[in-house]
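Asker: Sequence lines, in order, name chains A and B. Numbered per the working numbering, the first sequence spans residues 2 to 271. Numbered per the working numbering, the second sequence spans residues 71 to 376.
Derived from the structure by calculation, the hints contain no laboratory data. Some clues are possibly wrong.
[To be verified] Every beta carbon over 12 Å from chain A, so not counted as near; a handful from chain B, in silico:
no.: 1; residue: Q77
no.: 2; residue: K91
no.: 3; residue: G150
no.: 4; residue: F161
no.: 5; residue: E269
no.: 6; residue: R286
no.: 7; residue: D287
no.: 8; residue: R288
no.: 9; residue: N291
no.: 10; residue: S298
no.: 11; residue: L305
no.: 12; residue: S306
no.: 13; residue: L315
no.: 14; residue: R317
no.: 15; residue: E351
[Unchecked claim] Now the in silico label distances, taken between C-beta atoms and shown as ranges:
no.: 16; chain 1: A; residue 1: D183; chain 2: B; residue 2: R368; range: 44 to 52 Å
no.: 17; chain 1: A; residue 1: N190; chain 2: B; residue 2: L142; range: 37 to 45 Å
no.: 18; chain 1: B; residue 1: K91; chain 2: A; residue 2: R265; range: 20 to 28 Å
no.: 19; chain 1: A; residue 1: D183; chain 2: B; residue 2: I284; range: 19 to 27 Å
[What the hints assert, rightly or not] Some but not every residue of chain A turned toward chain B, in silico, with C-beta under 10 Å:
no.: 20; residue: Q18
no.: 21; residue: R21
no.: 22; residue: G23
no.: 23; residue: T26
no.: 24; residue: E69
no.: 25; residue: I71
no.: 26; residue: E108
no.: 27; residue: V112
Idealized CB from N, CA, C, for every residue including glycine.
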Amino acid sequence: MSSMVEHSAAPPQSMAQIRRVGFQTIVIREFHRIVRIWSQTILPSGVTATLYFLIFGAVIGSRLGPMEGISYMTYIAPGLIMQAVILNSYNNVVSSFFGAKFGKHIEELLVSPLPSWIIVSGYVAGGLLRGAMVGLLVSIVTLFFTHLPVRHPVIVVAAAAMTSVTFALGGFLNAMFAKNFDQISIIPNFVLTPLIYLGGVFYSIVQLPAWAQHLSLVDPILYMVNAFRFGFLGVSDVPVVAAFTIMIIAIVALFSTAVLLLDRSSGIRE
Amino acid sequence: MNALSVQGLTKTYRNGVQALKGIDLAVEEGDFFALLGPNGAGKTTLIGIVTSLVRKTGGVASIFGYDIDRQLEQAKSCIGVVPQEINFNMFETPLTIVVNQAGFYGIPRAIAHQRAEKYLKQLQLWEKRNHASRGLSGGMKRRLMIARALMHEPRLLILDEPTAGVDIEIRRSMWDFLRDINQRGTTIILTTHYLEEAETLCRNIAIIDGGRIIERDRMSNLLRRLHSETFVLSLSQPLTAAPALERYPVKLIDETTLEVEVSKQENLNDLFARLSALGIEVLSLRNKVNRLEEIFMRLVERGAAA
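Sequences are here, hints too, so could you generate the full structure?
Answerer: As structure tokens, this is what we get:
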């Protein structure tokens, strides 16, 4: 072994460059992870979406009448895309960050000069990336089963991106607190999935009794699904402005909490 | 300038264990510094605080003048750390691991790839660059952590037990490598259980025990303090009892092995002359323990008795 360390000749990196390159590196690493284990990260949502369209769309949906004047298959399509975006954004960050914590390679980032907000942003961008990749795949699957108009493209993109960021941040917080692998599957299985199913993915809440409608309004996913559906189909059970307001508040609150916790390193540093 | 400076550093863990009880330590730029101590002495806690993996309870610490409370990012950009435990992603390849690490320090990807080739070749890992790192041998994993720590060409390299579990041949080539890095200007702080390693490589030393620095000196000064050495002699003919040798405490270990304590004032010729006079033929001799180990044990035992 012979060494050629020339640290004195290396140009000093500015803090701005460290942050920019550091952020890019986390995102590239997350992208490679998503692609490396594509059969776990990308494929399942495509298969699930196909099954949903076959069962709820083609088999059961064909016996149902139109919903708010739109065919049932077309009506549920935005919700199914959003379901994939939510679960994949959340799962990407929770499994990647908890895996790094469990395997101790999170220390690579903790000893680096990257500030907490860059680390959180990098992981969230990874969640956003997987949400977008899977969302696109499910959208392509959708087009095999039904026509999907896009009435407000900006709202479609904004609602998908903000929902993805919200749940990526949720996944980050879950990973911060989790002590074992069981604890990273509890929230997706027992909180997110029920909230998604009760959040108007498969129906309009107008069809529910009054008490159930009021109860549905406390489900934040209802707002996200409806904002997304409004972007495609121009129909929504809730005001779209309310949906975006909720998402902005959630993102600010969750991001601040995640950065604060990482700074304090609850569950990571001793 | 001091590469590392800590004053009054304390750490009490949540379970009440007081790992550091007011550490004062300065390591000069360019030094090759040994930080020794028994298990649980506080070495890893001290390194953890300096690298921000452990939060200090009290005191101040700075790296090349950057205070870790006020200028943490600048301080961390000067440090490369090789931890005691393997802490890279076992599913990633060595090339990916080192290139990503460079990125976390702001090194653009093109430069990172050049450096990755340089360091992976120097540490004999280039052939394995695209293999999953979980398949590397223990020694390779240790070397990968060294390559990773060097990717941003840090001014201060901290190595926590870098050669643990590494065979002697690889260990010695790692010593040459580290010595060379140090000669080129990188300050190195080393913790190790192989005291021969510290004695061979380091110019200055601190011994930490029970959360306190109990000794801080130049290596040469510390070794000079040793007044006697114990030699193990292999004999050609068996003995039934330890021979009486004036001025030399002798112990018969087995019938062909003697242990003799020789004061620094005595010369070995005199010892051999006395043995020859008794008709005892010596086939070989060796130091019972390495010199630093002897001082280390005395200091730690004295600390425990106090």
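Asker: The structure should be examined with respect to each hint, and the outcome stated for every one.
Answerer: Status of each hint after checking the structure:
no.: 1; hint: Q77; verdict: holds (21 Å)
no.: 2; hint: K91; verdict: holds (17 Å)
no.: 3; hint: G150; verdict: violated (9 Å)
no.: 4; hint: F161; verdict: violated (8 Å)
no.: 5; hint: E269; verdict: holds (20 Å)
no.: 6; hint: R286; verdict: holds (25 Å)
no.: 7; hint: D287; verdict: holds (27 Å)
no.: 8; hint: R288; verdict: holds (24 Å)
no.: 9; hint: N291; verdict: holds (28 Å)
no.: 10; hint: S298; verdict: holds (37 Å)
no.: 11; hint: L305; verdict: holds (40 Å)
no.: 12; hint: S306; verdict: holds (41 Å)
no.: 13; hint: L315; verdict: holds (45 Å)
no.: 14; hint: R317; verdict: holds (46 Å)
no.: 15; hint: E351; verdict: holds (42 Å)
no.: 16; hint: A:D183 - B:R368: 44 to 52 Å; verdict: holds (50 Å)
no.: 17; hint: A:N190 - B:L142: 37 to 45 Å; verdict: holds (38 Å)
no.: 18; hint: B:K91 - A:R265: 20 to 28 Å; verdict: holds (24 Å)
no.: 19; hint: A:D183 - B:I284: 19 to 27 Å; verdict: violated (45 Å)
no.: 20; hint: Q18; verdict: holds (4 Å)
no.: 21; hint: R21; verdict: holds (7 Å)
no.: 22; hint: G23; verdict: holds (5 Å)
no.: 23; hint: T26; verdict: holds (3 Å)
no.: 24; hint: E69; verdict: violated (47 Å)
no.: 25; hint: I71; verdict: violated (45 Å)
no.: 26; hint: E108; verdict: holds (5 Å)
no.: 27; hint: V112; verdict: holds (5 Å)
Hint check: violations occur at hints 3, 4, 19, 24 and 25; the rest are consistent with the structure.
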